[in-house]
Amino acid sequence: MYSKYETVIGLEVHVELKTKTKIFCACSTEFGAEPNTQVCPICAGFPGMLPVLNKQAVDYAIKAGLALNSTIADYCKFDRKNYFYPDLPKAYQISQYDYPICLGGHLDVEVDGRKRRIGITRAHLEEDAGKLIHQGSITTSPFSLVDLNRAGVPLLEIVSEPDIRSAEEARIYLEKLRSVLLFAGVSDCKMQEGSLRCDANISMRLLGATEFGTRVEIKNLNSFRALERAIDYEAKRQVDALENGEKLVQETRTWDEEKQMTKSMRTKEEAEDYRYFPDPDLPPVRVAAEWIEKVKSAMPELPEEANQRLVNTYGLSEYDASVLTLTPEHLRFFDKCINLYSEPKVVANWIMGDLNRLLNNANIEINESKVSPESLTDLLLLIDQGVISGKMAKDVLEEMFDTGHNPEAIVKEKGMAQISDEETLLALIDEIVVNNSKVVEDYKEGKKKALGFFVGQVMKTTKGQANPAIVNKLLLDRLGRE
Amino acid sequence: MGFSSQKVEQLAFFSSLSLTEEEKERFAQELNPFLKCVEQIRQVNTDNTQPLIHILPNHNVFRPDEVIPSPGQEEMLKNAKVTAEGYYKVPRIM
Amino acid sequence: MSAYKLTVNQLINKVNNKQLSPSEIVESILGRIEKVDGRIRAFITLTGDSARNQAKQAGNQTEAGVLKGIPYALKDNICTNAVRTTCASKMLEDFIPNYDARVAKKLKNAGGILIGKLNMDELAMGTSTELSAFFPTYNPWDLTRVPGGSSGGAAAAVAADEIPFALATDTGGSIRQPASYCGVVGLKPTYGRVSRWGVAALASSLDQVGVLAKNVEDAAIIMNIIAGQDSLDSTSADLPVPDYTSYLGTDIKGMKIGVPRQFFQKNVASEVKAKIDQALKKYEELGAIIEEVSLPHSEHALAAYYTIASAEASTNLARLDGMRYGINDLTAENIEDMYTNNRGLGLGPEVKRRTLFGTFILGSCNYETYYLQALKIRRLIQQDFEQVFQNFDLIISPTTPTTAFKIGSQVHELLDLYSNDMLTVPINMAGLPAISIPCGFIKGLPIGMQIIGKPFAEGSIIQAAYAFEQNTDYHTQKPVLGVK
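For the record, the sequence lines run as chains A, B and C. Residue 800 in our numbering sits at position 352 of the first sequence, with consecutive numbering throughout. Residue 66 in our numbering sits at position 56 of the second sequence, with consecutive numbering throughout. Residue 459 in our numbering sits at position 443 of the third sequence, with consecutive numbering throughout.
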């Protein structure tokens, strides 16, 4: 059914810039404070209050723009977007309408091994709104409570071209965008705290068509999963409607996480007229070439460069490199490990495999984990020294993750060390061989499976602690003499 | 171009103003001559004239990113007629 | 002489010479207000108790600012910490800011003593102070007439010796027009000269805080205190502030004064023209060179002004929704009703009218036709002035087309009411400084002359105004309250 159509998706991503203070006043932006404690007459829209632009917010916007391959406008200005809503104290949002700070740009993403370039239309600075607390849901709550702590936190709204073609591609674009912004150091990009938020514009069109279909905007996509599910849901809804000959309306819909569906908020006819006009309280911003150069020279390594470094210097695959550069913390962790341990591929596999699984289960970031680059590489050294097996190391890692103890201590405490002493092992092997003469016959007749039986017996007797390499060697030797 | 009471109603909606029927009628009547007076500006030749948004030619007026402690919850809520648990309180939104 | 009759400069001298104590001054002022404000009705709020306390403390201080013990009052759109600031609107009837406007703070820091908050047209929209949501103010020269507006309370209070000086705001003439009607000095500085922080905005690109005073010298003294860049106001100019009192008493020989013919057209009463002509003759006697000049786009200034001012006001006032401050209809069942009821009940008809008009102007389909066009005309107006100022030091015109009109006479004549601003609005459009000083009386009513200067040339304005004042006695004449 989908084959006839293609999904056309554009994303509008809002990221909170990680300034210490709000964009137009000196209130703190720290997350999680008591309600209305980081609010002043300016961000609460009291009479006579005036905005003054936070320079750091502009610096971050320039930095983000450069990281997204945008052109930094030499002139930009601020406009008022007028509408009434209780989370918007002045009844207008200060935003940038026709002269945004960043123009154009793109991000390259890889989907199913195929490289795709997603265009960026623009990115502009604006102020965030406050937060509404409802009893139950917004539709049923008899009243709402308003917390203005977030009102006035600087936002960068990054608008993509309608270049995205699937839910997966949208997720990968958003992941890449997040990674770029994290590397650039301009935002925390924490979706669960709302410092990265996403709206999606979705329309369907027949394959090969050049005109766009009726566009629907979906709001309230608060996780990567919600983004993918909402797009899939919406694409199906639109295709069903088109197939049934229904006419789609241009509208704004919201993603209902509970019911896993999109719901209509307002149609275009009901749409607001925001009455944009230049804010007379804020003089324009001019960004000279020197300013851009200054920001450029302070730009940290970005995911793409890091990616190339991992491939070229350490011989990692593109895929491995892209996973290790999802967040700067991952890369920093990997780089530290490499200083302590010389086999990049082994380190990469442990981070991407077991450690990432533990991190995902616990829903924490790598830098919040109790496993440090030092302890992970210590663990790897224990394997190399034959103290523990690779399989045992997985258990030790879990213990390290839970307790934060170092691997030697765990191995010692749990009596997990490998038995590598040949005399001890030989005694065991002798006993097993003597007691299983029938299997010895099988072995002699060439049944290779018989060797496995003996290894298994040794492991069983030693509770898995026998060094498998040595056991193998000793067994071959011993059975050869039969 | 003129103001009808329907037009006034629409403007009142965007301005969040409740108007009585009588007010709508009256404002429609009052705004018409006003608009007529303002209409004259359309006759002025402004080709090659840039709009003047800011009287002063200054730009790049910035503030350093330094926190100044906020006045506090109580201070910020004390002029509000209704609050709850440190929040401003408003009636149902939808 | 009673303290209340004195000028700021005289009071400063008496305090310094210990001839008067701050308490004596404050008592004299409060006594005067007590005696006459029942008839003038200039004050919305009086802060007598705190003024008395402050005066007592000031009396014990040896070190203090320039204004030690000098009383002042503020138009009620200038926010004052812990003192109710209503903007003469029902909406803000009980609003108590927790901050001082920058200008209020500066006066406080200079040792001045706040006596109270002054009446105005609601949210500074109007030209008569009849549109105050509370009560009208009466012109001290004729209690049946308006004091002008929107800063009518400020002009009337100064004229009636209720206060030595006051600060007010001027968006299209709100300081100069009432100054003209009440026979006092009203100075509107260059846009950006004085901080707007803490002053409830009407039209952000036009508003400017200025002074109403008994004479030019006092205006210069106050300008020294309030002028200057403010890190909290992005539109305040980062330029050095001269000592404005240094311009007092200098001669004006050779000064070139332009007289724009467009400011003397049919709407301007012939008696008013005659007074200005007389004043210009005086300037000639003093050695100034007078020539006619042209400001061709000023005829469109009023229409463009109302376009811009209404648009800006409609969004500046949108914050008055009753949630964080202001009146709140607690019976509203949903947020939309809360907004529309609060604003419907809290805002007066003129505010609603301009809000509706501004909303219309900014609508996406009208924006280019009206708003952008008005901004272009604004540039043409500014360029007109610029051109004249290439050859002239100052421009002189009447401040108002007539003397004060009767209370109630123009309330329903919308366009007539707005035409009171005709001669003052172009100056705000160009962001220029201008002063209105008394230049005569017509049938017992004062009339003002407007002196307009180059950007940030308040000094030249003060110089010319002072020279005129020194050679005339209009500013020393006082109304006899209660006559007529």
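The set of hints was computed from the structure by calculation and includes no laboratory data. This one's a predicted model, so the numbers in the text were calculated from it and none came from an experiment. Note that beta-carbon positions come from the ideal geometry of N, C-alpha and C, so glycine has one too. Be aware that one or more of the hints could be misleading.
As the list claims (entries may be wrong) - Lysine to aspartate or glutamate pairs mimicking DMTMM-like chemistry, simulated, CA-CA at most 25 Å apart:
{"hint": "1", "chain 1": "C", "residue 1": "Lys121", "chain 2": "B", "residue 2": "Glu85"}
{"hint": "2", "chain 1": "A", "residue 1": "Lys503", "chain 2": "C", "residue 2": "Asp254"}
{"hint": "3", "chain 1": "A", "residue 1": "Lys839", "chain 2": "A", "residue 2": "Glu822"}
{"hint": "4", "chain 1": "B", "residue 1": "Lys17", "chain 2": "C", "residue 2": "Glu352"}
{"hint": "5", "chain 1": "A", "residue 1": "Lys579", "chain 2": "B", "residue 2": "Glu95"}
{"hint": "6", "chain 1": "B", "residue 1": "Lys88", "chain 2": "C", "residue 2": "Asp254"}
{"hint": "7", "chain 1": "B", "residue 1": "Lys99", "chain 2": "C", "residue 2": "Asp254"}
{"hint": "8", "chain 1": "C", "residue 1": "Lys106", "chain 2": "B", "residue 2": "Glu85"}
{"hint": "9", "chain 1": "B", "residue 1": "Lys34", "chain 2": "A", "residue 2": "Asp721"}
{"hint": "10", "chain 1": "B", "residue 1": "Lys88", "chain 2": "A", "residue 2": "Asp721"}
{"hint": "11", "chain 1": "A", "residue 1": "Lys579", "chain 2": "B", "residue 2": "Glu40"}
{"hint": "12", "chain 1": "B", "residue 1": "Lys17", "chain 2": "A", "residue 2": "Glu720"}
{"hint": "13", "chain 1": "A", "residue 1": "Lys579", "chain 2": "B", "residue 2": "Glu19"}
{"hint": "14", "chain 1": "A", "residue 1": "Lys529", "chain 2": "B", "residue 2": "Glu19"}
What the hints assert, rightly or not - One side of the interface only, derived from the structure: several residues of chain B facing chain C at Cβ under 10 Å:
{"hint": "15", "residue": "Gln16"}
{"hint": "16", "residue": "Val18"}
{"hint": "17", "residue": "Glu40"}
{"hint": "18", "residue": "Phe44"}
{"hint": "19", "residue": "Val48"}
{"hint": "20", "residue": "Arg52"}
{"hint": "21", "residue": "Val71"}
{"hint": "22", "residue": "Val77"}
{"hint": "23", "residue": "Pro81"}
{"hint": "24", "residue": "Ala90"}
{"hint": "25", "residue": "Ala94"}
{"hint": "26", "residue": "Tyr98"}
{"hint": "27", "residue": "Lys99"}
Hint-by-hint comparison with the structure:
Between Lys121(C) and Glu85(B) the alpha-carbon distance is near 19 Å, which keeps this suggested pair within the 25 Å criterion. Between Lys503(A) and Asp254(C) the CA atoms are separated by roughly 17 Å; this keeps the pair inside 25 Å, and the hint holds. Restraint check: the Cα-Cα separation between Lys839(A) and Glu822(A) comes to about 20 Å, which is no more than 25 Å; the hinted pair holds. In summary, the hint linking Lys17(B) to Glu352(C) is supported, as the alpha carbons are separated by about 19 Å, within the 25 Å threshold.
The suggested pairing of Lys579(A) with Glu95(B) holds, with an alpha-carbon distance near 14 Å, which does not exceed 25 Å. At roughly 35 Å between alpha-carbon atoms, Lys88(B) and Asp254(C) are farther apart than 25 Å, so this suggested pair is violated. For the hint pairing Lys99(B) with Asp254(C), the CA-to-CA distance comes to about 41 Å; that exceeds 25 Å, so the pair is violated. Proposed proximity of Lys106(C) and Glu85(B) is supported: the alpha carbons are some 22 Å apart, at most 25 Å.
Taking the CA atoms of Lys34(B) and Asp721(A), the gap is near 20 Å; set against the 25 Å cutoff, the hint holds. Our distance criterion of 25 Å between C-alpha atoms is broken by Lys88(B) and Asp721(A), whose separation comes to about 33 Å. Between the alpha carbons of Lys579(A) and Glu40(B) the distance comes to roughly 40 Å, so the proposed pair goes past 25 Å and is violated. Distance hint between Lys17(B) and Glu720(A) is fulfilled; the C-alpha atoms sit about 15 Å from each other, no more than 25 Å.
For the proposed pair Lys579(A) and Glu19(B), the alpha carbon gap of about 30 Å is over 25 Å, so the pair is violated. Simply put, Lys529(A) and Glu19(B) have alpha-carbon atoms about 21 Å apart, close enough for the 25 Å limit, and the pair holds. Below 10 Å, beta-carbon pairs count as interface contacts, and Gln16(B) has none with chain C, the closest being about 13 Å; its hint is therefore violated. Because the smallest distance between the Cβ of Val18(B) and any Cβ of chain C comes to about 6 Å, under 10 Å, the interface hint for this residue holds.
For Glu40(B), the suggested interface contact is upheld, since its CB lies about 6 Å from the closest CB of chain C, less than 10 Å. With its C-beta approaching chain C no nearer than about 6 Å, Phe44(B) sits inside the 10 Å limit, and its interface hint holds. Among the interface hints, the one on Val48(B) holds; its C-beta lies about 5 Å from the nearest C-beta in chain C, closer than the 10 Å criterion. Below 10 Å, beta-carbon pairs count as interface contacts, and Arg52(B) has one with chain C at about 6 Å; its hint therefore holds.
Checking Val71(B) against chain C by beta carbon gives a least distance of about 4 Å; that is within 10 Å, so the hint holds. For Val77(B), the shortest C-beta to C-beta distance to chain C is roughly 15 Å, which exceeds 10 Å, and the interface hint is violated. Because the smallest distance between the Cβ of Pro81(B) and any Cβ of chain C comes to about 6 Å, under 10 Å, the interface hint for this residue holds. Annotation: interface hint on Ala90(B) holds; nearest CB of chain C at approximately 5 Å, less than 10 Å.
The interface hint given for Ala94(B) is broken, as the beta carbon of that residue sits about 13 Å from the closest beta carbon of chain C, more than 10 Å. Residue-level restraint check for Tyr98(B) holds (minimum Cβ-Cβ distance to chain C is 5 Å; threshold 10 Å). Because the smallest distance between the Cβ of Lys99(B) and any Cβ of chain C comes to about 9 Å, under 10 Å, the interface hint for this residue holds.
Checked against the numbered hints given earlier, this structure breaks hints 6, 7, 10, 11, 13, 15, 22, 25; the rest are met.
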